[in-house]
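Q: Sequence:
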Amino acid sequence: MVGHAIMELIDVNGSDTRRISHALKVLGFARAIAEAEGLSGDALAVVELAAVLHDIAIRCCEEKYGSASGRLQEKEGPAIALPILQRCGASDAVAQRVAYIIAHHHTYDAIDGLDYRIIVEADFLVNRDEGEFSQEAFLNFVRRYFVTKAGREMARRMFGAE
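The sequence shown begins at 1 in the working numbering and counts up by one.
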């Protein structure tokens with residue numbers, strides 16, 4: 001299922017390897033955090049699929065609006081992701097939860113579950129590594145939003161977060 005989602009991600013992004021690589025890095029961190037938190041089965045599938053597809057709407061938003069702001073990604077993402085999830089064989093419950101996370105993954109004050117939290121933590125680890133945030137902004141975000149032991153430990157070891 002995840003392999004199929006990765007191929008769909010590649011189809012959507014074509015030669016934009018930066019976006020493909022970003023999603024795969026988020027997947028790696030999300031898997032590690034999820035496993036440390038004891039997730040398995042459908043809960044792990046939600047995390048893995050949401051990690052792969054969380055930014056699936058960037059290209060669409062750039063073409064449609066000339067912008068790929070978080071709000072626009074949240075607006076357009078579920079409609080792109082749901083058919084992909086169906087083709088990947090995700091159950092309706094898994095697909096709906098993944099779509100929900102995609103529709104909110106830039107909304108940090110609405111985190112309503114461990115799966116959603118893991119995606120936010122993994123995405124921020126990768127975004128910091130890719131230079132999207134200053135060290136100070138990242139450390140403030142970690143203090144405010146990182147809750148999982150594994151996510152906090154990764155932030156500490158990689159970026160000196162306490």
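These are calculated hints, taken from the structure and not from any lab test.
Just so it is clear, the structure is predicted and the values come from calculations on it, not from any experiment.
From the three backbone atoms N, C-alpha and C, an ideal C-beta is built for every residue, glycine too.
A portion of the hints provided could be inaccurate.
Simulated crosslink set (EDC-like; lysine to aspartate or glutamate; CA at most 20 angstroms straight-line) [stated by the list, open to error]:
hint: 1; residue 1: 25; residue 2: 11
hint: 2; residue 1: 149; residue 2: 112
hint: 3; residue 1: 25; residue 2: 112
hint: 4; residue 1: 149; residue 2: 132
hint: 5; residue 1: 75; residue 2: 37
Per label pair, the in silico range of CB-to-CB distance [as the list claims (entries may be wrong)]:
hint: 6; residue 1: 157; residue 2: 108; range: 15 to 25 angstroms
hint: 7; residue 1: 143; residue 2: 15; range: 21 to 31 angstroms
hint: 8; residue 1: 87; residue 2: 162; range: 22 to 32 angstroms
hint: 9; residue 1: 17; residue 2: 63; range: 12 to 22 angstroms
hint: 10; residue 1: 3; residue 2: 40; range: 29 to 39 angstroms
hint: 11; residue 1: 1; residue 2: 21; range: 34 to 44 angstroms
hint: 12; residue 1: 89; residue 2: 160; range: 21 to 31 angstroms
Q: Against each hint, give a clear statement of whether it holds in the structure.
A: Verification of the hints:
{"no.": "1", "hint": "25 x 11", "result": "18 angstroms, holds"}
{"no.": "2", "hint": "149 x 112", "result": "17 angstroms, holds"}
{"no.": "3", "hint": "25 x 112", "result": "23 angstroms, violated"}
{"no.": "4", "hint": "149 x 132", "result": "23 angstroms, violated"}
{"no.": "5", "hint": "75 x 37", "result": "29 angstroms, violated"}
{"no.": "6", "hint": "157 x 108: 15 to 25 angstroms", "result": "22 angstroms, holds"}
{"no.": "7", "hint": "143 x 15: 21 to 31 angstroms", "result": "38 angstroms, violated"}
{"no.": "8", "hint": "87 x 162: 22 to 32 angstroms", "result": "43 angstroms, violated"}
{"no.": "9", "hint": "17 x 63: 12 to 22 angstroms", "result": "18 angstroms, holds"}
{"no.": "10", "hint": "3 x 40: 29 to 39 angstroms", "result": "18 angstroms, violated"}
{"no.": "11", "hint": "1 x 21: 34 to 44 angstroms", "result": "21 angstroms, violated"}
{"no.": "12", "hint": "89 x 160: 21 to 31 angstroms", "result": "41 angstroms, violated"}
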